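Construct all of the structure, not just a fragment, from the sequences and the given hints.
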Amino acid sequence: MSAVIDHDHAHDHHDHHGGYGGIMRWITTTNHKDIGTLYLWFSFLMFGVGGIMAVAIRAELYSPGLQFVDPDFFNQLTTMHGLIMIFGAIMPAFVGFANWQIPMMIGAPDMAFARLNNWSFWLLPFAATLLALSFLMPGGAPGVGWTMYAPLTVQMGMGMDFTIFAVHLLGMSSILGSINIITTILNMRAPGMTLLRMPLFVWTWLITAYLLLAVMPVLAGAVTMTLTDRHFGTTFFNAAGGGDPVLYQHIFWFFGHPEVYVVALPAFGVISQVIPAFSRKPLFGYASMVYATSAIAILSFIVWAHHMYTTGIPVTGQLFFMYATILIAVPTGVKVFNWVATMWKGSLSFETPMLFALGFLFMFTLGGFTGLVLALVPVDIQLQDTYYVVAHFHYVMVAGALFAAFAGIYFWLPKWTGKMYDETLGKIHFWLTLVFLNMIFFVQHFLGLAGMPRRIPDYPLMFETWNKISSLGAFGMGLAQLLFLYIVVKCIRSGAPAPQKPWEGADSLEWTHLPTPVPYHSFETPPVLH
Amino acid sequence: MNLEQANRRLCMRLAVIALGMFGFGFALVPFYGQICAALGVNSLTQRDSVSNTQIDASRTVTIELDSNTRDLPWRFRPLVNHLQVHPGELATVEYEIVNQRAAPVTGQAVPSYGPQFAGEYFKKLECFCFTQQTLAPGETRRMPVTFVVDPKLPRDVNTITVSYTFFEVAGRGGKS
Chain A
7 MSAVIDHDHA HDHHDHHGGY GGIMRWITTT NHKDIGTLYL WFSFLMFGVG
57 GIMAVAIRAE LYSPGLQFVD PDFFNQLTTM HGLIMIFGAI MPAFVGFANW
107 QIPMMIGAPD MAFARLNNWS FWLLPFAATL LALSFLMPGG APGVGWTMYA
157 PLTVQMGMGM DFTIFAVHLL GMSSILGSIN IITTILNMRA PGMTLLRMPL
207 FVWTWLITAY LLLAVMPVLA GAVTMTLTDR HFGTTFFNAA GGGDPVLYQH
257 IFWFFGHPEV YVVALPAFGV ISQVIPAFSR KPLFGYASMV YATSAIAILS
307 FIVWAHHMYT TGIPVTGQLF FMYATILIAV PTGVKVFNWV ATMWKGSLSF
357 ETPMLFALGF LFMFTLGGFT GLVLALVPVD IQLQDTYYVV AHFHYVMVAG
407 ALFAAFAGIY FWLPKWTGKM YDETLGKIHF WLTLVFLNMI FFVQHFLGLA
457 GMPRRIPDYP LMFETWNKIS SLGAFGMGLA QLLFLYIVVK CIRSGAPAPQ
507 KPWEGADSLE WTHLPTPVPY HSFETPPVLH
Chain X
399 MNLEQANRRL CMRLAVIALG MFGFGFALVP FYGQICAALG VNSLTQRDSV
449 SNTQIDASRT VTIELDSNTR DLPWRFRPLV NHLQVHPGEL ATVEYEIVNQ
499 RAAPVTGQAV PSYGPQFAGE YFKKLECFCF TQQTLAPGET RRMPVTFVVD
549 PKLPRDVNTI TVSYTFFEVA GRGGKS
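Line by line, the protein sequences give chains A and X. In terms of my numbering, the first sequence opens at residue 7 and continues consecutively. In terms of my numbering, the second sequence opens at residue 399 and continues consecutively.
Source of the hints: derived by calculation from the structure; they are not laboratory data. Take these hints with a grain of salt, some might be off.
[Claimed, not checked] Every beta carbon over 12 Å from chain X, so not counted as near; a handful from chain A, in silico:
id	residue
1	Asp78
2	Gly88
3	Leu158
4	Gly163
5	Leu253
[What the hints assert, rightly or not] With the Cβ distance kept under 8 Å, some of the chain X side facing chain A (calculated, not the full set):
id	residue
6	Leu401
7	Cys409
8	Arg468
9	Thr538
[Unchecked claim] Here are some chain X residues pointing at chain A (derived, C-beta under 8 Å):
id	residue
10	Leu412
11	Ile415
12	Phe420
13	Ala516
Small disclaimer: the values here were computed from a predicted structure and weren't measured. Here a beta-carbon is modelled for each residue, glycine too, at the ideal position from N, C-alpha and C.
As structure tokens, this is what we get:
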């Protein structure tokens with residue numbers, strides 16, 4: 007992407023980069039577009055690292071018995087795969103979109119705190135380094151699962167401390183980013199851009215940023231307690247010292263459930279931009295979308311114990327959390343209904359972003375449905391910690407968040423770079439990803455229903471067939487993402503020039519008020535809105 | 399008020415929210431304790447009340463006694479390792495602790511049960527785990543546990559393991 011921006015630079019005689027060139031430009035940049043680019047590339051790198059771990063996990067599970075990795079290392083892989091994909095790949099991807107898009111969508115010149123923005127990003131590589139270093143520690147990386155449950159975390163080696171500090175840094179980055187996003191949205195909208203005229207992507211990010219602000223500090227608290235339990239003699243979670251490991255689960259899931267929506271809401275935002283653009287109709291039920299998003303965010307704070315049905319919580323508690331969880335299906339249903347209604351009688355076309363958005367719509371809804379199944383106490387007691395749960399959250403995270411991220415990249419790449427990606431290759435990428443994704447995760451529902459537990463490197467022979475299919479899907483999925491990298495690089499280097507308005511149905515400010523490619527500095531004077 | 403001031407003010411407010419939520423994470427610890435106490439869940443170290451004292455002589459349950467210490471210079475053991483009781487029958491066992499440190503030490507015991515769900519049928523009327531125990535240097539103390547096994551105990555349970563773990567109460571070097 008840098009090549010393109012430099013190209014603009016040649017035509018534009020402002021002093022863009024504070025006099026720095028090369029690597030220093032990226033280290034010192036305070037431009038929201040540069041930082042967005044950094045976030046997105048970082049996210050792709052982490053997606054690759056987490057993906058390699060996923061392929062290693064699936065390679066081990068290709069056959070019963072132990073082939074490539076020992077059980078300890080297998081647990082380290084699942085733990086790091088989870089942490090890296092959530093905190094390193096998905097969240098930074100959407101923060102990248104936020105950086106690129108929010109100022110342009112609300113007619114602001116940049117983010118509110120440009121230097122803070124730089125810092126928010128540059129905390130991430132350090133966090134990623136700490137996570138990677140934990141593999142080299144005595145005892146290796148923590149094999150505790152991404153949920154980092156006590157009391158196991160209290161017993162792990164030094165790698166656990168590295169992970170704890172990495173989580174601190176990631177949390178700090180998210181909190182600073184959230185403060186920046188909220189301030190930008192609330193204070194820097196162009197005159198006439200009222201809250202209820204903002205594109206839905208901006209709305210979902212406003213709500214997500216508040217969610218992050220409310221829950222990331224709680225996660226920081228939870229890992230801090232783990233740290234003091236490990237080294238400073240406290241016993242928050244150690245039962246043998248008067249603590250309670252179940253308390254950890256309560257604190258963690260108080261963060262963990264809203265975190266699910268931290269990942270999902272910006273994805274909803276991207277989809278809410280893409281579907282109207284390719285339906286050539288305004289989003290159906292805009293206001294209800296805003297209210298539904300807020301309702302999801304608020305409800306997400308009172309459902310956390312649905313992850314804990316088997317910890318011995320009282321039946322009344324189980325019932326409360328079950329009904330509250332089922333209630334979330336209502337606002338989510340409103341959203342799905344509105345997306346479908348947006349397409350109703352629309353003049354549809356099916357370019358790659360729309361394909362990914364439709365893939366999202368089908369498969370995220372499927373992931374939502376299995377979530378409803380898991381919300382039911384009697385069913386969940388049976389399915390807790392099986393591959394059914396793994397299938398469920400991968401449909402939400404991969405078919406949901408990742409598909410939305412792909413949709414967003416294909417949608418905005420022409421605007422950002424001024425060049426078109428290869429439509430044919432994009433479609434091939436979509437179909438490959440779709441097929442392989444379902445190959446990996448659909449069969450995991452069957453494995454879970456048959457009773458295969460998650461986080462094990464070995465399994466009984468009867469699970470072999472589905473595991474083989476799932477593993478083959480994972481290898482294909484990995485290769486398909488190399489095609490994605492090729493498409494993006496090809497677009498940046500030698501893509502055909504994009505037309506001024508590549509998508510005729512797109513109507514937010516960046517499409518209607520800015521040239522393609524967008525200049526390095528946009529909206530230095532606020533746009534005039536009617 | 400110009401934009402920069404407005405941004406700064408909002409930033410400060412949001413930072414206060416973030417700090418507040420960090421504190422909230424820690425506030426969940428006592429809050430959790432209170433909720434558990436109020437709802438009567440996780441009440442391992444509270445006196446149980448027993449209403450039905452009907453003895454079910456038709457079956458016997460083996461009670462196995464276990465003892466552990468965590469980072470505590472105490473010798474801690476039950477005087478008998480196991481005993482047989484009828485559900486509904488009042489029974490008393492004794493534990494002995496010896497403080498081996500040349501300083502007073504305060505400890506608190508937590509029980510745990512195997513199988514886990516048997517805990518709710520093991521009703522303690524008297525237990526050294528109800529209070530913290532402070533032992534003088536070298537002191538030996540014998541302490542009773544008086545209990546009743548609830549006759550509602552599922553019939554397929556014929557053994558309950560009761561395990562106590564003593565841990566040191568930090569900052570209470572026995573001065574109380």
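Right, here's what the structure says about each hint:
no.	hint	verdict
1	Asp78	holds (25 Å)
2	Gly88	holds (21 Å)
3	Leu158	holds (17 Å)
4	Gly163	holds (20 Å)
5	Leu253	violated (5 Å)
6	Leu401	holds (6 Å)
7	Cys409	holds (6 Å)
8	Arg468	holds (4 Å)
9	Thr538	violated (23 Å)
10	Leu412	holds (4 Å)
11	Ile415	holds (6 Å)
12	Phe420	holds (4 Å)
13	Ala516	violated (13 Å)
Checked against the numbered hints given earlier, the structure breaks hints 5, 9, 13 and satisfies all the rest.
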